[in-house]
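K.L.:
Sequence:
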Amino acid sequence: MWPSDAVTLSARVSWEICTGVSRDTQKNAGLGTKLRAAATIAEKAAETYRNAALSRTMHTLKSQDFQVAGITGSTVSDIVYDSGMVSGAGRQIYDQVMDGRDEDLCPMCRHTEISELDHVLPKKAFPALCVAPDNLVGTCDYCNSKKSNITTEVAGRVLLHPNFENVSTERWLKAEVSAGSPGVLRYFVAAPPHWDAVFADRVRHQFGFLNLATRYSSKANQTLGGMRQHFTKQLEKSHEAGLRIYLEDLASSHRADDLNGWAGVAYSAWAADDDFCQGSFNAESGPRAQVNDHGMENFKITWMQGGLRRESVVRYSAKAAGDYASYKRAEAGVSDVRIVRVR
Numbered sequence: 100m101w102p103s104d105a106v107t108l109s110a111r112v113s114w115e116i117c118t119g120v121s122r123d124t125q126k127n128a129g130l131g132t133k134l135r136a137a138a139t140i141a142e143k144a145a146e147t148y149r150n151a152a153l154s155r156t157m158h159t160l161k162s163q164d165f166q167v168a169g170i171t172g173s174t175v176s177d178i179v180y181d182s183g184m185v186s187g188a189g190r191q192i193y194d195q196v197m198d199g200r201d202e203d204l205c206p207m208c209r210h211t212e213i214s215e216l217d218h219v220l221p222k223k224a225f226p227a228l229c230v231a232p233d234n235l236v237g238t239c240d241y242c243n244s245k246k247s248n249i250t251t252e253v254a255g256r257v258l259l260h261p262n263f264e265n266v267s268t269e270r271w272l273k274a275e276v277s278a279g280s281p282g283v284l285r286y287f288v289a290a291p292p293h294w295d296a297v298f299a300d301r302v303r304h305q306f307g308f309l310n311l312a313t314r315y316s317s318k319a320n321q322t323l324g325g326m327r328q329h330f331t332k333q334l335e336k337s338h339e340a341g342l343r344i345y346l347e348d349l350a351s352s353h354r355a356d357d358l359n360g361w362a363g364v365a366y367s368a369w370a371a372d373d374d375f376c377q378g379s380f381n382a383e384s385g386p387r388a389q390v391n392d393h394g395m396e397n398f399k400i401t402w403m404q405g406g407l408r409r410e411s412v413v414r415y416s417a418k419a420a421g422d423y424a425s426y427k428r429a430e431a432g433v434s435d436v437r438i439v440r441v442r
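Numbered per this note's numbering, the sequence shown finishes at 442, counting up by one with no gaps.
Hints in this document: simulated from the structure, not taken from any laboratory.
Keep in mind that this is a model prediction, so the values were computed, not measured.
Warning: the hint list may mix true and false statements.
Stated by the list, open to error - Simulated restraints on C-beta separations:
| id | residue 1 | residue 2 | range |
| --- | --- | --- | --- |
| 1 | GLN321 | ARG409 | 16 to 26 Å |
| 2 | ASP164 | ALA136 | 17 to 27 Å |
| 3 | ASN265 | SER173 | 26 to 36 Å |
| 4 | ALA188 | ALA296 | 22 to 32 Å |
Stated by the list, open to error - Below, a list of computed lysine-lysine pairs in the DSSO-like style, where the Cα atoms sit at most 27 Å apart:
| id | residue 1 | residue 2 |
| --- | --- | --- |
| 5 | LYS133 | LYS161 |
| 6 | LYS273 | LYS418 |
| 7 | LYS223 | LYS161 |
| 8 | LYS133 | LYS223 |
Cβ coordinates follow ideal geometry from the N, Cα and C atoms, glycine included.
Using the sequences and the hints, build the whole thing.
P.N.:
So this is what it looks like as structure tokens:
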């Protein structure tokens, strides 16, 4: 939902770079030559893809229209993307995609740092697009795992394309303090009235699909824990009105950087809540009570990939942690996924 700058390189050139050293052998029946000859197919496929992205008709694209005749999608992906881009002459293109934003946060969620390259349309199902720059986006491991190889023919369920769509210039993210809580926030989408119904559905779908309400609330809760003492002193010094102004100033500063950032929205929600500005954030709430009331815990998800044990430490509900682990298990090359509760 936040913008990412696509690499300014044509799909044809990217394909030619990534297939330039593909070899013909006795066993592969001239596969290298066939792949290099498919540059025109890749070029036309990328043009069709770009037109669909610009017209918001990505849901109409069919896998069968993005094949390289006579070569399986897995073979194309393995040779052109894995060998030609990730490990070959196209590595510089890969690195440029991963550096496609001015900051390190994932454009799908703006919650977690970019760590993986995602194919907007999956590379094996749409092999002619496997190295097309418009189809490549740097994302975090959570969003990439959750998205996996999912595609849809339903317009309202198409995830926003960071290379073509940007909703960061309009306010659509809001939050409110959960009644009776010491400042725990519930985030939600408040679509501007001029958005068309399908586009609003897409934003709401992405918000729910990527579990952003829980992920943002977790961030806000962590921030509140670190600011509680400061808020208390501010309340003692300048009373309810002064604390509200202080919170509004913090919200304004964060919103100047990101209109829909979870932090600016958090400070706005706290400033708008009378109980919070009167000190409800100091209500007794032990760590285990917070888990029981709001379902948030610290987990470490670990897995084996490429001969190494990798890990991601998250603060999610048990269900969200389970979902994350399930998506990791579905990834190619991933094994032995474990969920460890961090105490």
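K.L.:
Each of the hints needs a verdict: does it hold here or not?
P.N.:
Results for each hint:
1. GLN321 with ARG409: 16 to 26 Å: For ARG409 against GLN321, whose Cβ atoms are near 23 Å apart, the range 16 to 26 Å holds.
2. ASP164 with ALA136: 17 to 27 Å: Taking Cβ atoms as reference, ASP164 and ALA136 lie about 18 Å apart, which means the hint holds.
3. ASN265 with SER173: 26 to 36 Å: With Cβ atoms ~33 Å apart, the hint holds.
4. ALA188 with ALA296: 22 to 32 Å: Violated, since ALA188 and ALA296 (Cβ atoms, about 45 Å apart) do not stay within the stated range.
5. LYS133 with LYS161: holds, 23 Å
6. LYS273 with LYS418: With a Cα-Cα distance of about 23 Å, the restraint between LYS273 and LYS418 holds, given a limit of 27 Å.
7. LYS223 with LYS161: Since the Cα atoms of LYS223 and LYS161 sit roughly 13 Å apart, the hinted pair holds (cutoff 27 Å).
8. LYS133 with LYS223: It holds: about 17 Å lies between the C-alpha atoms, which stays within 27 Å.
The structure does not agree with numbered hint 4 stated previously, though it agrees with all others.
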